[in-house]
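A.B. asks: Throw the hints in and build the complete structure from the sequences for me.
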Amino acid sequence: MNKSARLAVFGASQLVTLRGPARPRVGGELADLSIIRGGGLICRGGKIEFVGTSDQVLARVTPGDEVVDATSGVVLPGFVDAHTHPIFGGDRLDDFSLRSSGATYQEIAAAGGGIRSTVAKTRAASEESLVKAGERHARLFLENGTTTIEAKSGYGLDKETELRMLRAIRRLGEITPIGFVPTYLGAHAFPPEHEADPDGYVDQVEAMLPRVANERLAVACDVFVEEDYFDAGQARRLLGRAQELGLATRMHVDQFGDSGGARLAAELRVRTADHLEHTGIGGINALADAGVIPVLLPASVYCLGLSKYPLAREMVERGLPLVVATDFNPGSAPTLSMPFVLSLCATQMRLKPEEALTAATFNAACALGIQRDKGSLEAGKSADFTIWDCQDWREIPYHVGSLRPSTVYVGGVAWASSPCVSRPSWSCDSSVRSFRTGILHPQPPPHRTNIDEEGAPED
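Using full-length UniProt numbering, you'd call the opening residue of the sequence shown number 1 and step up by one each time.
Rather than coming from a laboratory, the hints here were simulated on the basis of the structure.
Treat the hints with care, since some could be wrong.
Stated by the list, open to error - In silico lysine-lysine, DSSO-like type, Cα no more than 27 Å apart, as pairs: (1) Lys132 to Lys159; (2) Lys132 to Lys121; (3) Lys308 to Lys352; (4) Lys159 to Lys121.
To be verified - So the derived label-pair ranges between C-beta atoms look like this: (5) Arg313 to Val400: 18 to 26 Å; (6) Glu66 to Glu160: 40 to 48 Å; (7) Ser307 to Arg136: 29 to 37 Å; (8) Ser307 to Gly200: 35 to 43 Å; (9) Gly257 to Gly27: 27 to 35 Å; (10) Glu193 to Glu66: 55 to 63 Å; (11) Gly200 to Val400: 42 to 50 Å.
Nothing here was measured: the structure is a model prediction, and the numbers come from that model.
Even for Gly, the Cβ is constructed at its ideal location relative to N, Cα and C.
C.D. replies: Pasting the structure below:
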């Protein structure tokens with residue numbers, strides 16, 4: 001398709017727009033998907049021009065437009081995966097075997113597996129090999145209907161490798177159609193050489209922050225706060241410095257126990273608090289009062305063989321703007337499937353399918369600060385959408401990760417899902433030879449007022 005030409009899509013049994021308030025959705029808003037039955041859309045130059053009924057779309061078609069019949073399928077916004085670790089060396093197949101024999105995450109780490117095993121393999125990997133592995137992951141994200149991801153570093157744990165990972169993320173944003181929102185996660189774990197001097201490593205992470213911010217290698221900083229990882233004082237120091245430098249701030253908290261991480265996230269007013277498997281009602285209330293966005297990662301609970309899922313229903317009832325993500329990583333969540341995550345939301349966390357879909361699209365875009373351009377199908381936004389071979393969108397979570405989109409559009413350019421895995425290059429359309437989605441830079445982090453105030457939807 002010529003990027004200057006218009007694309008008109010019509011004949012969708014359901015066009016799920018997610019149109020609504022221009023701020024994170026809460027409460028009953030989470031279940032309001034603004035579905036147009038018999039819907040369609042028009043896009044040009046990578047942006048959506050018009051959204052409406054099929055009759056309205058066809059009435060606007062002009063000579064030279066490309067016209068696509070959705071053949072009574074479902075059209076959804078591209079998924080926005082707000083928490084991933086897509087750049088790493090090697091695999092964790094040995095960890096997988098140990099876990100199947102009953103070893104815990106902590107026991108595997110103590111035996112030399114876990115994050116540190118991936119660190120060793122990532123340090124040994126060249127930037128080119130990291131990019132090559134990342135391209136494969138990008139194809140798989142796309143095949144599952146995800147068009148934008150947050151991408152963390154965190155498997156280098158030294159200056160050279162962390163920078164190499166962030167450069168690889170930047171490169172992937174240039175050569176693949178996926179949109180990347182990069183996060184610096186130097187504070188993922190303590191490297192072996194700093195076991196006896198953890199504060200020395202914190203010094204190193206802090207010293208990298210100005211370069212990360214000034215060179216725009218990342219738009220956010222994340223810290224893993226948990227027993228045997230980073231403590232509250234270290235998190236305050238690193239995230240405070242990140243905020244001074246204009247970076248958005250995020251935290252991994254309460255994954256393995258209620259250590260007060262949610263309350264700390266509320267105290268620091270970070271943009272997101274992620275995991276939250278063991279966060280109690282007190283922590284939920286603190287997050288709500290501070291306007292922190294919760295990002296829930298049920299696939300990591302499932303893949304670790306655990307049973308303690310976050311209190312998602314209670315978070316919705318407390319008015320939190322829920323987000324869900326895959327947590328794709330080589331150890332605790334080796335899945336890139338947002339449809340699978342939607343299934344877990346419904347079966348394990350008591351979320352309505354509608355709530356889960358909002359959490360995986362528009363609210364996820366809000367968590368990354370890119371909601372003006374991503375997460376819903378509205379005029380003026382990026383033409384990132386998917387067509388599914390089903391007549392009711394709820395079939396996607398109902399079939400437990402089995403369905404994939406028949407076609408994925410990124411910036412109005414079509415990608416047939418299944419063949420993407422084997423294609424040697426990213427040129428799915430003969431007239432388009434490269435994509436420059438690049439690194440996505442968010443709007444300023446939302447504060448409490450962003451969640452409370454009504455915003456007019458974009459037309």
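A.B. asks: Of all the hints given earlier, name the ones this structure violates by number, lowest first.
C.D. replies: none
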